[in-house]
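J.: Starting from the known structure of chain A, arrange chains B, C and D on it as the hints suggest.
There are 4 protein chains.
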Amino acid sequence: MHLHREPKAHTEISTQRIEAFSDGIFSIAITLLVLEIKVPEFPEGGNGLAAKLLSLWPSYFGYVFSFVMIGIHWANHHYIFKLYERSDHNFLMLNIFYLMCISFLPFPTAVLARYIEIVAKQETVAVFYAFGLFLPAFAWLLMWLYASHNHRLLHPRLDANFKRHLTRRYFLTNLFYLGAITLSFWHGLVGLGLCVGLTLLYILPTRPPVYNKPDE
Amino acid sequence: MHLHREPKAHTEISTQRIEAFSDGIFSIAITLLVLEIKVPEFPEGGNGLAAKLLSLWPSYFGYVFSFVMIGIHWANHHYIFKLYERSDHNFLMLNIFYLMCISFLPFPTAVLARYIEIVAKQETVAVFYAFGLFLPAFAWLLMWLYASHNHRLLHPRLDANFKRHLTRRYFLTNLFYLGAITLSFWHGLVGLGLCVGLTLLYILPTRPPVYNKPDE
Amino acid sequence: MHLHREPKAHTEISTQRIEAFSDGIFSIAITLLVLEIKVPEFPEGGNGLAAKLLSLWPSYFGYVFSFVMIGIHWANHHYIFKLYERSDHNFLMLNIFYLMCISFLPFPTAVLARYIEIVAKQETVAVFYAFGLFLPAFAWLLMWLYASHNHRLLHPRLDANFKRHLTRRYFLTNLFYLGAITLSFWHGLVGLGLCVGLTLLYILPTRPPVYNKPDE
Amino acid sequence: MHLHREPKAHTEISTQRIEAFSDGIFSIAITLLVLEIKVPEFPEGGNGLAAKLLSLWPSYFGYVFSFVMIGIHWANHHYIFKLYERSDHNFLMLNIFYLMCISFLPFPTAVLARYIEIVAKQETVAVFYAFGLFLPAFAWLLMWLYASHNHRLLHPRLDANFKRHLTRRYFLTNLFYLGAITLSFWHGLVGLGLCVGLTLLYILPTRPPVYNKPDE
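Chains as they are written, first to last, in the working numbering: chain A, 1 to 216; chain B, 1 to 216; chain C, 1 to 216; chain D, 1 to 216.
Honestly, the hints are just simulated from the structure, not real lab data.
Incorrect hints may appear among the rest.
As the list claims (entries may be wrong) - Mimicking BS3-like on lysine-lysine, the simulated pairs with C-alpha atoms at most 27 angstroms apart in a straight line are:
hint : chain 1 : residue 1 : chain 2 : residue 2
1    : D       : K38       : C       : K52
2    : B       : K38       : A       : K38
3    : B       : K38       : B       : K52
4    : D       : K82       : D       : K213
5    : B       : K52       : D       : K38
6    : A       : K82       : C       : K82
7    : C       : K38       : D       : K52
The structure presented is a predicted model; accordingly, all values stated were derived computationally and were not measured.
Next comes chain A alone, as it looks inside the complex:
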């Protein structure tokens, strides 16, 4: 029995470890967002610091919105990791890909904050930002499909209908973000509006998971 436990303990990185590492990255990516808000500079004699500070609203918007997005991803990550019974090497690599997409978010946020006010650039900016939101949603879907395929890494008694519900949900999210990207090519602010709406939707609580009875 002691022998049986050893190889298991030595080859798998536990889901707790992955969660702890992911939490670190979530909390750093979310905190780095503030570095993208730059102190306004202007001639020493100039007036209107208050106006300058108010005119940074795209930076504030980007900060708040990306913060909420990463916060929701963090909450979701915990929610879903409770459904995972174990991990494997491929899943670990997919999780690193997912974290790469999360950590990237401060960059599209900075681009948004810098150029959203310039009307001629709103479409480009919105497409890029919506794409930045799509990336982690896509990586998330990949992780879920890998983990849930044949109940590979899931709790064995997780209800099949509930599994299908999540699969549908994650596919829909990806479709919505693709829709937001497409819309942004045509009208930047409308595309961004769709992204904001989607996010507000995700602030709502998620459905608690359903398990079969042990004797089934």
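T.: Just chains B, C and D, lined up with the frame of chain A:
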């Protein structure tokens, strides 16, 4: 009994998880403050590096003061989370809002450090900084009101008088910061002085919580 | 017996502590990579933001590649720490040296992103980047040689053949990176290609460790 | 007995919590050091990137040296926290002051890297850097004096001679850094040399603590 525990374990993020995530953000926000102190630049032949380094006192002041502020918020966060028995989705979202306000602090600190010496801008700078301090205090109050309303998330035996004591305390803190903002419109340095005074007050230890006896 | 445990508990930093501290540094170094992608600047009237964003491909490549590298190092760090039974002062210092090499990676990545497109500088850039990848691999080898020498810090029943397998593997990695550095002197892109190939190889799962039976 | 445990659990932040928070700050401060190494810029047509990269040696030196310093502080923090039985409010505040000094280190390091090569500024730079090293050593001494006074927070059976040994050691460290500051006024590089020497000394293992027998 086993069945009963599962849904609970799967829908709630434990207060420990929230604390760990929050700790990560506290420690990153507090450490990022040093990035706002910029190495002074001047012509290679110029003298007076020592004078330049000393003239950075607004940066040092901002660093020390915001560090202490975030440190106090961290200590407070731990203090209060010991009173919380459980968490729910809304509370989680309020905590993310609170962390967003904490993570924002390096920006008003940078604005303060950059412009406090320019007399014509002291009022704007002080209003902005006091507002930056007010935001997490306000989010804190919201969290407390939500958690303590009808003892929603609190330990069931936490004394009602002690609860009222904390509610009063957090309302007062908010009033004081609003006062500091108002004062800053009229005289920047006086407003900042009030902020510093308030903070020194918070360095004092907080009252230990009071519990009713189990048989009550 | 109580007396016997005390000095042990007080002089050694447990491998768990070292892992937790290392995890923090891995997750920060990996997240800081995004700060090296700079928002493109150009005259307000200018067009072509989309083209500018696409032309940042060296930054994206550097981000993705260094992210994967640090991610693999993290996974490896966990894999190997499960083989370590205990720690000592020298090992702690070697681990700090290793973390210093990991944390340095954002800098060669930034140099790569900034200059790889300038043909005349590709050799310098590739040598520097390959050297940046070599450093943590070298520190890793030192740690392993120290820990595995006479089974100093290893689990006592870890198979000798498996130990030799890892020693060979880490020596080979170092040789390959030295090869990539040499190749880069002659042709930068070929050298980088070798680095990418090596990394893809490391994405493959590692062999599970082999233990002798307890009665041997 | 249940009642007795509650107030204790609710008023004190455990030493483990303080260690975890401190670890976060150590690992972030140590990783931020790399951000102070700036990618060299020069005209696109210019040659000599290799020479430019080598000429960054003051940045590399600052990175390595400050990394080792923070690493040693981290190891020391764990070493000493094993001697502490409990914590109190003042100790918590002293620890925040200590962490403030640790987090500040990237700034003197950046000043050192930027100006150490300019001979006329070496004294200023060395004084400032040595002062940056002195600050956490001083905060450390304060923490120790507070915690060890009348065995306030120490393990009750920690040997009195061992306590005196540590007090002497920490006083000496402070004296040496004050010496390095003084020396730097007269000759910058000699002062820096003393700092490096001191640090090499601290890389040596520390003496294991001595406890009295339980029956004493």
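J.: Check each numbered hint against the structure and report the violated ones by number, ascending.
T.: Violated hints: none at all, because every hint is consistent with the structure.
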